[in-house]
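Engineer: Protein chains in written order, with this note's numbering: chain R, 33 to 231; chain L, 5 to 97; chain C, 22 to 673.
Mixed in with the good hints there might be a few duds.
[What the hints assert, rightly or not] Not everything, but these chain R residues come out facing chain C in the computed CB check (under 8 Å):
id, residue
1, G55
2, F59
3, G61
4, M65
5, G82
6, V142
7, A161
Please keep in mind that the hints were generated in silico from the structure rather than gathered at the bench. Quick reminder that beta carbons are idealized off the backbone N, C-alpha and C, glycines included.
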Amino acid sequence: MMKIDNSLPLEYANEQNKMNIFGFWIFIGAEVMLFATLFATYFTLEHRVGNGPAGAEIFELTPVLIETLVLLTSSFTIGLAMNAMRLGKKNAMLTFFSITLLLGLVFLGVEIYEFTHYASIGAGLQVSAFTGILLTTLGTHGAHVTVGLFWGLFIIMQVKKHGLTPKTANKSFIFSLYWHFLDIVWIFIFSFIYLKGMM
Amino acid sequence: MSELFPRKQVMGFVFSLVLTAAALTVYFLDLSFMAAMTVLLATAFVQAGVQLVGFMHVGESEDRTMIYMNIFYGVAIALFTIFGTLLILVWDM
Amino acid sequence: MDYFDRFAIPHPSPAIYASMVAIGLTMIAIVIGLTYFKKWGYLWSEWLTTVDHKRIGIMYLIAALLMLFRGGVDALMMRAQTAVPDNKLLDAQHYNEVFTTHGVVMIIFMAMPFIYALMNFVVPLQIGARDVAFPRLNALSFWLFFMGAMLFNISFVIGGSPDAGWTSYFPLAGNDFSQSVGTNYYMLSIQIAGIGTLISGINFITTIFRMRAPGMKLMKMPMFTWTTLITNAIVVFAFPVLTIALLLGTMDRLFGAHIFSMTNGGMDMLWANLFWVWGHPEVYILILPAFGIYSEVISTFSRRNLYGYKSMVASIVIISFFSFLVWMHHFYTMGQGPLSNSIFSITTMAIAIPTGIKIFNWLLTMRKGKIKFTVPMLYSVGFIPIFTIGGVTGVMLGMASADYQYHNTMFLVAHFHYTIIPGVVFAMLAGLTYWWPKMFGFMLSERIGKWAFWFIAIGTNVAFFPMFFTGLDGQARRMYTYSEATGFGPLNMLSFVGAIGLAIGFALIVYNIYYSVRYASRDIGSDPWDARTLEWATQTPVQSYNFARTPQVDSIEALWDLKRNGKPVFQGEIEKIHMPNSSGMPFIMSCIFFAWGFSLIFSMWIPAIITTIAIFACMAHRSFEKDDGHYISVEEIKATEKDWEVLNDENR
Numbered sequence: 033m034m035k036i037d038n039s040l041p042l043e044y045a046n047e048q049n050k051m052n053i054f055g056f057w058i059f060i061g062a063e064v065m066l067f068a069t070l071f072a073t074y075f076t077l078e079h080r081v082g083n084g085p086a087g088a089e090i091f092e093l094t095p096v097l098i099e100t101l102v103l104l105t106s107s108f109t110i111g112l113a114m115n116a117m118r119l120g121k122k123n124a125m126l127t128f129f130s131i132t133l134l135l136g137l138v139f140l141g142v143e144i145y146e147f148t149h150y151a152s153i154g155a156g157l158q159v160s161a162f163t164g165i166l167l168t169t170l171g172t173h174g175a176h177v178t179v180g181l182f183w184g185l186f187i188i189m190q191v192k193k194h195g196l197t198p199k200t201a202n203k204s205f206i207f208s209l210y211w212h213f214l215d216i217v218w219i220f221i222f223s224f225i226y227l228k229g230m231m
Numbered sequence: 005m006s007e008l009f010p011r012k013q014v015m016g017f018v019f020s021l022v023l024t025a026a027a028l029t030v031y032f033l034d035l036s037f038m039a040a041m042t043v044l045l046a047t048a049f050v051q052a053g054v055q056l057v058g059f060m061h062v063g064e065s066e067d068r069t070m071i072y073m074n075i076f077y078g079v080a081i082a083l084f085t086i087f088g089t090l091l092i093l094v095w096d097m
Numbered sequence: 022m023d024y025f026d027r028f029a030i031p032h033p034s035p036a037i038y039a040s041m042v043a044i045g046l047t048m049i050a051i052v053i054g055l056t057y058f059k060k061w062g063y064l065w066s067e068w069l070t071t072v073d074h075k076r077i078g079i080m081y082l083i084a085a086l087l088m089l090f091r092g093g094v095d096a097l098m099m100r101a102q103t104a105v106p107d108n109k110l111l112d113a114q115h116y117n118e119v120f121t122t123h124g125v126v127m128i129i130f131m132a133m134p135f136i137y138a139l140m141n142f143v144v145p146l147q148i149g150a151r152d153v154a155f156p157r158l159n160a161l162s163f164w165l166f167f168m169g170a171m172l173f174n175i176s177f178v179i180g181g182s183p184d185a186g187w188t189s190y191f192p193l194a195g196n197d198f199s200q201s202v203g204t205n206y207y208m209l210s211i212q213i214a215g216i217g218t219l220i221s222g223i224n225f226i227t228t229i230f231r232m233r234a235p236g237m238k239l240m241k242m243p244m245f246t247w248t249t250l251i252t253n254a255i256v257v258f259a260f261p262v263l264t265i266a267l268l269l270g271t272m273d274r275l276f277g278a279h280i281f282s283m284t285n286g287g288m289d290m291l292w293a294n295l296f297w298v299w300g301h302p303e304v305y306i307l308i309l310p311a312f313g314i315y316s317e318v319i320s321t322f323s324r325r326n327l328y329g330y331k332s333m334v335a336s337i338v339i340i341s342f343f344s345f346l347v348w349m350h351h352f353y354t355m356g357q358g359p360l361s362n363s364i365f366s367i368t369t370m371a372i373a374i375p376t377g378i379k380i381f382n383w384l385l386t387m388r389k390g391k392i393k394f395t396v397p398m399l400y401s402v403g404f405i406p407i408f409t410i411g412g413v414t415g416v417m418l419g420m421a422s423a424d425y426q427y428h429n430t431m432f433l434v435a436h437f438h439y440t441i442i443p444g445v446v447f448a449m450l451a452g453l454t455y456w457w458p459k460m461f462g463f464m465l466s467e468r469i470g471k472w473a474f475w476f477i478a479i480g481t482n483v484a485f486f487p488m489f490f491t492g493l494d495g496q497a498r499r500m501y502t503y504s505e506a507t508g509f510g511p512l513n514m515l516s517f518v519g520a521i522g523l524a525i526g527f528a529l530i531v532y533n534i535y536y537s538v539r540y541a542s543r544d545i546g547s548d549p550w551d552a553r554t555l556e557w558a559t560q561t562p563v564q565s566y567n568f569a570r571t572p573q574v575d576s577i578e579a580l581w582d583l584k585r586n587g588k589p590v591f592q593g594e595i596e597k598i599h600m601p602n603s604s605g606m607p608f609i610m611s612c613i614f615f616a617w618g619f620s621l622i623f624s625m626w627i628p629a630i631i632t633t634i635a636i637f638a639c640m641a642h643r644s645f646e647k648d649d650g651h652y653i654s655v656e657e658i659k660a661t662e663k664d665w666e667v668l669n670d671e672n673r
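Extracted from the complex, chain R is given alone in its bound form:
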C-alpha cells in the first residue's frame, strides 16, 4: 500500500487516510445543510396543524429523554472506543464499539415505539403539514442511525478479522465522526422540536 507515517495515529497514517477523513468532514458540512433545511421547514410548519394534533398534545418526555440519554452515552462510548484504538487496545475498542451499537439499537427501538405511538393516536404522516415534517425530520435522523448500525457492524467484523490496521482504524475513526454528528443533530431535535414543542 501507500507510504505509512508512523509518527501519526493509524487512522491518519497515509495520504489516502487523511483524504478520507478530510472528505468526510466536508460531507458533514453538507449534512449540516441537509438537517438545517429540515429544521427550516419544520419551524415554518410547526404551528400549521390543520385538523391534527399540535406538538404539545403528542410529545411525551419519557421516551424522548431515554433516547437522548442513550444517544449521548453512545457518543461517549464511541469516543472511548477511539481512545482505546489509539492505545492499540483492540479488545477494549471492540467492547466500546459494540456498546455503542447496542445503545444505537435501543435508541432505534424507542424511536420505532414513538412512531407507532404517533400513528395510533392520529398523528400519522398524512394528517397535517406539522406531522408530515415532524415524521420526515425524525425519520431522516432515524434512517441515518439505521445506516450507522449496519456500517458499524461491518467495521467491527473487519477489525475482528484484520486487527487494527491503517485501513480499519481509518474506517472506525470516520464512523466515530458520523456517530458524534448524529448525536449533535439529535441534541438540536431534542431542544428545538421536543422541548420547544412541550414548553
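Using the hints provided, position chains L and C relative to the given structure of chain R.
Structural biologist: This is chains L and C only, laid out in the frame that chain R set:
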C-alpha cells in the same frame, strides 16, 4: 484501566449531561418564550461544541483550518437559511 | 393488463410515437453495432468500469452534448409554436411538457455535466495530481448523473413528461393538479443526479485541498482550479437543500403528506422558498466555472498573465457566500412584506459588484495584450458585452418594486438566457475548443468554429433581444399561444429566426467535430495554443498516470515559467506510481438506482423495496471489498515517457 477512561472525555460526558439537565429546565420551569429559547440555544450550541472539540477532535488534523472553515461556513449558511425562511414565510407574511 | 396501464402516455401524439420508434431503433442499432464490431468488452473494460478522471470527463462531455441537442430540440419546438399567433403546432399540454423538460435538461443534465466534464478532465492535470481524491466515487458520481438523466428522458415515452415547469411549483406540481407520473419523474431523477453531484462536490474539494503539486499554494492555483474549488463548495452546501426539497415533494406526491399542499396546514410557497435556496446558488455553480474558463482563455490568447488575480479570487469567494443570501428575489411577488423584499433587493444589488470586478479584470488583461482571435477567444470576447446586457437587466429585475412589472414575463426569459447562454454555453464551447486538443489529440477547425461562433452569437441576440420588448409589452412566459391582436407576432417570429440561427451554429459544431476527426492534423505537439498552465505539460493523449514525476511549482503559470524562464518543473527520479483499480460497481449500483427511481415513480412498492436493499448491499460490498489499487512499474513509465521526452526537448 484508567487510561481507557481519559479525563477529558469523562468530563465532556458529564458536562453534556449537565447541559441536558439545564435544557430540561424549560420544561419544568415556567420561563418566558425568550428566556426559554435563550436557554435552549445556549445549551444546544455549547453541547455541539463539546462534541466537536472534545469527542470529534476537530482541531487535531493538519487540515484543521479548512475543517473549521467548513463547519463555520456550513453553520453560517444554515442559520441564514433557517432565519431567512422564517423571515420570508412566517414573520414578514 | 391494468397493471401496465400506468406506463401509458396520458397525451399521446404522432411526435411521441415517432420518438418511441426512434429510441427503439437507436438502442437496437447500438446493440447490433457493439456486437458486430465486437466492442462489448472494450466498452466494459475501458469505459463503463473506468475510474480515470480523464475518461469520466469525456463521458460527461458526451452526455452533455447529447442533452444539449435534446434540450435544443425542445427550444426549437417552443419557438416554432410561438412564431405566429394562434399556432396549432403543439397543444397546451405538449407545450407545458416541452418547456418543463427544456429547463430541466438544460440546467441539470446539460450545463452541470458540461462543467463537470471540464473539471474532471482539467483540474487534476492543472494541479499536478494523478487522479481525483476518490476515483471510485468519481465514477459513481458520473453514473448516478447519467442514470438520473436517462430516467428523466424516458419520461416522455413511458408515463408522460413532467409539465409543471422546471421550477415545479406547488400546488401545480401536487397530485391534485399534476395527476400523471411526470412530476414523480422530476422528483426522483433529479434526486439521483443530485446525489451524484453532491459526491462530486466533496471529491473535488478534497482533491484540490490535498492533492496539489508541491509548491502550489492556494494563491498559486490557476484560476479555473480556484473557480472549481469555490463552485464545489457551493455544491456541497446547496445540493442538500435540493435533496430535502425533492424528498419532501416525494413525500407529498407518493406518500400523501401535506407539506406543500393547500389543505391540512400545508404551505405551497415553502416549495418555492426551498427550491430557490438551492436554485440561486445553482446559478453561481454554473457561472463560476465559466469565469474560470474565460480567465484561462483570455490570459492565454492575450499573451498576458491574468490581471488582478487576488481581486479575482476575492470576488469569487464573496460571490460564493452571497449566492446563499439572495434567493428570495425569485419570488418578490409571492406576498411577503416590504421588509424581506428590501433586504433581498439589497443583497441582490450587492452581488453584482464582485461580478463587475471580474469583467474589468478581463478587460484589463486584454489591454496591451497581443490578442489572438482564436475560437475560444472569440467566445470569451463575445461573452463580455452579451453577458453585460444580461447582468444589467438582472439588476433591473433585482429591484423588488420594479419586479412586479417584469415578473414572469418574457423580459425575465430574455434576461436569464442573456446570462446563461454567454455565461455558460459560450464558456463551455470556449473550454471545449480550448481543451479539445488535450482530450483528443487534434484541434477543431478554426474556420468552421468561427462560422459556428458567429451563428451562435448573432442567433442568441436575435432570438432573445425581442423578448425584452414583448415582455415589457406584457407577453407572459409559458403561454403556449397568443392572439394576433396582442401584436406579439412579428417579434416572436424574429425570435424564431434567431433560434434557427442558434440551431445552425450548433449543427456547425457537430459538423466541425466530424470534419476535424477526418481531416485535422494529428501532429500538434502537446501544447498547441502555447498555453500557461500544467495541463499542457503532459503528453497528448495524456498518460494514464498524468505525470511521470510530480511537478514542483512556484508560480501561477508553471508551464509559462518553464517555457520562458526555464524554471524546472519536473525533477527527480521516476518512481513506481500507485493507481486505483477499475470497478464495475459504480455502474451496477447506478443501474440499480435507475430501477429504484423507476419503481418509485410508478409506485411499484415491491421492486422499490428490493432495489433499496440492493443499493445497501452494494454499499456493504464496498465496505468489505479489498481494493488496494495497483502499481505502474518504473520500466513501464520509462517506456511510455521515452518518445514524449525526446519530442519535448525538441520543442523547447
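Engineer: All hints, please: hold or fail.
Structural biologist: Here's how the hints hold up against the structure:
no. : hint : result
1   : G55  : holds (4 Å)
2   : F59  : holds (5 Å)
3   : G61  : holds (6 Å)
4   : M65  : holds (4 Å)
5   : G82  : holds (4 Å)
6   : V142 : violated (23 Å)
7   : A161 : holds (4 Å)
This entry does not satisfy hint 6, going by the numbered hints stated previously; all others are met.
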